[in-house]
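Please construct the entire structure, taking both the sequences and the accompanying hints into account.
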Amino acid sequence: NVFGLKRRYTNGFPITDPEVFQDISAVVVEDKLPSHATENIFWPYPNYSMFALAEYHGLDETNKTKNDLRNLTSIITDPAFQPEDLKKESWESIEKKFESLEEDVPYDKQAGWKEWSVFVEIPISRNGLEGETKRLEVKSLHYRSLVETLRNALENPESSKDFVYEPYEYIWSPHGQQDQRVYGEMYSSQAFLDEHAKVQALPPEPGCDLPRAVAGLMFWSDSTHLSSFGTAKIWPLYMMLANQSKYARTRSGTCHHVAFFPSASGYFIREFTGRTATSGMMTHCRRETIHEAWRILLDDDFLRAYEHGMVVKCSDGITRRIYPRIFTYSADYLEKVLIATIRDKGQCPCPRCLIKKSDIPKLGTPGDVKRRQTLARRDDESRRQKVQEARDIIARGYVVDSQRLNPLLQEQSLVPTVNAFSQRLSQFGFDFHQMLVVDLLHEFELGVWKSLFTHIVRLLHAVTSRQDAVDELDRRFRSIPTFGRDVIRNFDNNVSGMKKLAARNFEDILQCVIPAVDGLLPDPHNGAVMKLLFTLAHWHGLAKLRMHTDSSLDLMDILTAEMSTSLQKFKQDTCQAFETFELPKEAEARARRTARKAATDVDTCTKKRKASSPPSSRRKKVFSMASVKPHFLGYYTRHIRLFGTTDSYNTQIGESEHRVVKRRYAKTNKVRPTSQIARHERKHAHLKAIRARFEAKKLKAEKRTAKRLEVEPSLEPLDPTHHHHIGVEANSSIDVGQFVRGHRGDPAVKDFLYHLKEHILCQIDRDSGASLQDCTPHAQKERDALFIQNNRLHFHCVLQVNYTTYDVRRAQDSVNPRTDHCTIVLFDPHTTPGQEHPYTYARVVKIFHVNVIDSRMGARNAYMQRRDVLWVRWFTVTRTSSARKDRRPHRLEKVAFLPKTNNEAFGFISPDDVVCGCHMIPDFTSDPSPGLGTLYLDSLIEKPNTVSRFADRDILMRYHPNFAVGHARPPFEQPTAREPSKPSSAVQPVSVEEDEPDSSDDESGLADAIQADGSESKSTTHSGDSDESDDGQSEDESDND
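Going by this note's numbering, the sequence shown opens with residue 111, and the numbers climb by one from there.
There's no promise every hint is true.
Claimed, not checked - Here are the simulated lysine-lysine pairs, DSS-like style, with alpha carbons at most 27 angstroms apart: (1) Lys731 / Lys707; (2) Lys780 / Lys793; (3) Lys641 / Lys1053; (4) Lys455 / Lys707; (5) Lys496 / Lys455.
To be verified - Pairwise CB distance ranges (calculated): (6) Asp469 / Lys679: 12 to 22 angstroms; (7) Asp845 / Pro189: 47 to 57 angstroms; (8) Asp664 / Asp894: 54 to 64 angstroms; (9) Glu499 / Gly539: 46 to 56 angstroms.
Source of the hints: derived by calculation from the structure; they are not laboratory data. From a predicted model like this one, the values you see are computed outputs, not experimental measurements. For glycine and all other residues, C-beta sits at the position ideal for the given N, C-alpha and C.
Given below as structure tokens:
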């Protein structure tokens, strides 16, 4: 397409291309309900009215809001809703019918929840004598059949309408450059392509000529507390399918809940064995429990499907032989240790390789890369034999953590537990070490970065004996403005205290930390820390990209090595120059731990008195890289090349799904809540299935009758094919002369009408095909021929700008001069090839439109036309991002307003020239300059600003146009050059490598290209969850995308 993107298939063109389907009506599956359900598609609800109220109550799991009130109103006023229907059957009788859902729900047969007990063999040691083994029953494993859950997902049109069964390579052919591999979706990853090729090469099944396809399984598991108070917790296992686009499956509530693992408590073990469970015994029981649970999940049906496939009539109407394959397992480090059956913080702490602890600081070096390859863990017969010999020793009466086991297990940090994945799947060549993917949330945001930021705060405490530096850090963070829709939020009053901060908060801190810390440490340490923080923020931004290319991954490899070097230099030089101690909260936490430990053998009163005793003095604390988490950073580019980008399998997805479980817990009576949560999950699935069938049937009925049963549709969002949107109706209007007289003496309105008319005439000429050079000052008679209707300016509050993101999707920024979201990015028309900085920046002062008549061609040719105008104040770039010979940036750009004495400090631009919004952070190291006057918002002081290129991933990729597919256009697609009405001196001359389309017509063609390639053209906005937040990055966690 126009972006240079293409797909490369290995086995010819696909049978179907699911991305052409836009909604569920295109893939409605034939009704196969039982006789009683055929008559009533709402079963077990007797009619639409009762179903609608149940759906309203059941699917909405949060506190009711105004939007819920509107939804309820829509239900009651729906013509299909009949209040008298509510009297025909009681809600209690309907609830009882859900007990038989497994036999009656389409696409859900045998996919319901089952409850089972897990039996774990516990060795009872006899001091070296022949011991005994007791069989501990751990109750309440709730699970669903993986095979039937998979079949349900493939047959259900609601969940599988966009599944991809024929994988492909994604190739980018930038103009004049070599082809590059594009990494994003799991179904276009190398791992998926390899498994697809292996499945096609399998011997044919007798009498079967069906097309074969891989169903990619992705798992998440993590134990979580169900409430803020009490001990209630749950250990869920979530599953997603790699065949589905990550943009669809990473939304909250879209994954499959397939199991709730049980936990063996120390109290139960003591009651069962008569002995207090040691920490080693508890760890052993947890390992045995989860692997025994996985043996139940990986049952004979799953193994049969793994080897021979399962025949499924998919929702697209094609019957295929589906082969399930496990690709990823996402979990935090403690759970990875359980799944990999290795020791926590052992001699070889990595679940993927046998690197020693002493070699972890050598991250990014050529030797480190080689060790990861040569020392990769393998599920071979030697490993399995060692584990079996260790279990034989335990059976003879030794404890599970006996020193007698070290000769067998210590060298590779193994444990005496038979791995369920190895036992069940190794016969098919499956190596469970490969599925344990990287975890950006725990390994970097809550790992390396949190550790580094904590020590920076310790350094600030050490700089002076007072709190001056730390207080200044907190003040600076409080002064940082927000950006986007929850992209950058307001910071806490006490960031240095780091109280109750989640990963999302630490991500925001990293994206804004450089200006906040700049100048707080003495030189030369300040410069070293600035470079380190820039490298970390740059690496983190690349690690969270939703689309990578070969070039961007090569850069990430370089940054990984630079990050390791900078961390080592920081430890050796900066950290050694200061004597650092625990933070106050660290000292208090240590004192509480000491008090709890000392109180184990005393009475309750003494225990309470000791627990509340004052903290001891702060101990010396040094920065350490001995943790295994820095070592994990070297695997990111490898896993992206193998599995696609990290947003497909980050643990943030599982953490976000916990919110669904917690909301369902709130609906239980807190007695055996796991069983009730499982029932709620099936009930919600059934409600969604009913809604899907109802919508499909309603569409058929619309062809036969004009009566519609649906509610009034909501207002259409901003058309994503348009470049921007300004409201039709103005918020206020004012006479031009009155506006200028009202701000007499303010330099902002000097020659206001003259410059406004020049701008409008220039825009009209350019729309007529005039070139950039032809846009010169006009004669007085031409300005006199331009009439402004009623001589009035019509003001607006908000400008919405659509743009194409680096990963070829459509996003939206809102610009509001009354808020902090008023800074915009434009291409600098004065750049030449080879210059460094392609953009110019401006702050929007006013948004308005004028209705004008251009009578230069005579009265007969004159007509009224609306012209949207942005009145801006220009920034000038005072410091660029790089001063090094290799031109790789290592610092943020700084900008400042043009002096108020400059006649060209203000100007007019067309909204068509806006690229996107921008996040500006005050330059806290510069002195403020005098204010501007009565008009401008910040009239008292004007501080220079720092351009926050790490605020979100799309802004970051604006500075890497050679890596950003969506930001690049071939020469034949380049729009006519446009010059904003700004002075050539407003920004230092810089270069532009790729032009961006900036007119509505060009943007429309851009959206057509997106649709031609199958990507969504819906307008979206930057949010957490999560890009977002991307959280969340879920909608919440999403993260900054």
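Check each numbered hint from earlier against the structure, then list the numbers of those it violates in ascending order. Number 9 only.
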